[in-house]
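Engineer: Letter by letter, the chains look like this.
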Amino acid sequence: MAKPTVIVVGADKGGVGKTTVSRTLLDYFTAHHIPTRAFDTESPKGTLKRFHPDNSDIVDVTSVADQMRIFDTLSNADSSVTILDVRAGLLSPTLRALRDIGFLDSVKKGQLTFVVFHILGSSIASLNEIEDTSTFVGDSKYFLVKNFINNTSFFEWDQATHSSYFKKFKDAVEITIPKLNEMAYEQVELASVPFLTFVANKGLKGEAANYSFVLRGYVRHWLGNVWAEYDRIKLNDIVATGGAAPANSPRVQVVSRS
Amino acid sequence: MRPAPLYIVASPRPRTGKTLIARLMIEFFRADGRPLVGYDLNPREQALAIRFPKLVWPVDIVNTRGQMELFDRLIADTASTKIIDLGYGAFDQFFAITAEIGFLQEARRRLIEPIVLFVTDPAPATVRSYAELRGRSAATFVPVHNESVSLMFAKQDFPGTRAECGAIRIPRLSPIVRGVIDRPSFSFGAYMTEQPGGPTEVHQWVGEIFTEFRELELRLLMGRLTSSLAGSAAVRRNA
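Line by line, the protein sequences give chains A and B.
The numbering used here numbers the first residue of the first sequence as 56 and each following residue consecutively.
The numbering used here numbers the first residue of the second sequence as 28 and each following residue consecutively.
Hints are all accurate, no fakes.
Derived pair list, reagent style DMTMM-like, types lysine to aspartate or glutamate, alpha-carbon separation capped at 20 Å:
no., chain 1, residue 1, chain 2, residue 2
1, A, Lys257, B, Asp99
2, A, Lys260, A, Asp109
3, A, Lys234, B, Glu127
4, A, Lys58, A, Asp160
5, A, Lys257, B, Glu133
Please keep in mind that the hints were generated in silico from the structure rather than gathered at the bench.
Chain B with its partners taken away, still in its complex shape (with noise of 0.2 Å):
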């Protein structure tokens, strides 16, 4: 059975386009046509549920019950893949219930793939943070790099959980087409579809990402294989 992916798209600070690429996930799997639910968790701007209010359940997990309504639902559902926006005001809150309700573990035994797409920043405190996330938490961290946020990339600040994973890379846009996807009626999947191969920024820029998702999907299957091969051999030499 082929595990079902969680993707947490996380940072500790705020304006760093999480919704964004959340945003793009989700449009990449829907035009994929996989069964597919978002969460958003910021609770005072709920921008991912309203764009998309049939996929995205919007959550404020500082209460127990709305922690519940989150993972208790995540944990039961092993078959669709799974898209989290962290917002930045639940980021330790998130990350501190999951390590005291053993969430990562749980999600793994039950084949959930839980993936946190840390986008970076060169602030001390990012990288700080994401070392000290990345060496305590059972979750696959995949480092973002948003052109848009910071210009450089400091590959050896945030080292991806497994080496073959590598980092994501999301290009820097310009100010105009930023306008123009930010329409609360654009879809990157339908732009896509209505102008295949159409020779816009829009499309280099939405291509190149998709590119990005569709190679780390394969990474990660890679990197599965690879263990399970690795598994049988040592079951094989134990016979």
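Okay, chain A solo, but in the shape it has when bound (with noise of 0.2 Å):
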């Protein structure tokens, strides 16, 4: 039995896409039937659980009896993956509850996986960001994501400065998140159902829609894309074997698209 996985997605700006990438992660292991369940931290409304209700909850995140909801049931939860998605400004103290509670123990000793997927902003930031949580990740599989659905354009990152923060941190690997068309994302926030969901054209209750055939293929080409990006970095042999790697390669590796 694979170990249990444990997916974190966050940053500690705003409005980044992380629930967006939270959305793509749910649907890549559905269609791979990896059991997984989610927690959203927009505690008390919620954003996750709007299109995931079946299989997210929303917690607080900062309060004791929601981390033992979370961590405590790891082992014995039907879905092999969690998935923690992290509201703004909560991704380095999460980290930080994570390391007091032992979990990054009990990652370090093999018993669990651990995955970071930090979604970035286009300030510089972001960049500074990469640097307080990468002091946690240290046995974790470290991605730093890259999200233009939000047509950002990471206009503040020059090369050398993009390059010197990234030498930093060897063990970290790029995403890329591409751009979906505005009105096919919109169409899907309206639709409050997951993506697969829209692309079959049906509702939240599995009833037949009537989304438009043009939205619906913007959004099919895009989450394969998307899911190509997971494709390439293995992320179904991490949550199936926890992605060890030889003795003697290196754990991860930098890795740019062109």
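Work from the hints to combine the two standalone chains into their complex.
Structural biologist: Below is the structure:
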């Protein structure tokens, strides 16, 4: 049986598309028949839960009770993968809490697989966030996600600055989330369904819907590109086996997209 | 159920006679009494939509709303014969979008048969464009040789998707007659009905082109029958 996997999706900055990435991950695991549960930390109203009501719950990740609800159930949950969609500003505190409760020690001992998707914004502050976050992610699979879905241009990142930061974190792997047509994105928001359900032209309860064929086509194409990124980093293998690398090879490598 | 054809009259270059060919097709199918709808993808100069205001929708596919107006309607309508006058300005974007949203595959799934009537010319860029699109597209490509655009037609540069479909030839028309048919009130269908068998140049020209269209339809039908029979034989062999 696969080790329990915890995937933290977060950023210290808001509006960078954390929930969008969490939604694509839930769709990816659904398509691969990997039982997955998610926790939405946008307490109390929740965002992720609106799209995935059946397998997500709203929690307050700063409360001990909810931390117990998430982490004490990792081994006996029906789902082998747990996604934690961390609200803006709570990534570093969450990682700190994980260290304090001994979660990171369990990861170090190989009892759990820990994956961090750090969603980057366009500003230089995002690069500083990497420095803060990296102190907690030593034994995790650490992915830096450049999310272009909001038309982010990463304008403040000149190549020299970018390189100087990334050189410090050789274990980080970059992922690129491409841009999705704005109207298609808006329609999925209005429909409040998973991306996969929208593509299948279904409502939240599986009923037939009447979404635009054009917009469904755009979402399908975009989701295919996002999943190609997850395939590239072998996400499936990571959650199935913990992504153990051969002893002599680097645990992770920096990958740049041309 | 008989597939509903979707004719896309296209060329990557301007002034190759696309709108005239689309207009001839509309008149040909209208005379046949078929359910028919046209789309004019020339946002700057909507000559086809102006000529057939009740039959042809002007659409600009630069924005997503325009793309939805076109492709959502095309997919939803599985009964009408559809004709697109694809302006050269929208040429690249049209084929890029169809590939991205999987339009041609979905059209075939819904028994809509996309046929690209590609108006040829000898420019190397046109030859390359044809080869590239024909290679990756799920549509049936039929080259159109408009003699007013180029005298010579290099058949080897424009092979059809299916050998049986051949090419369509649009004969050259004298400038005087061209002036007549370009009049806003001129209708090929009405002209052919009102002067049946008339020995004029227009009559002969229209007659030849309508015969080409009729033959194309027959060749497409024969192609479908052949592949259907081949499919049935394969099922029997495997049974």
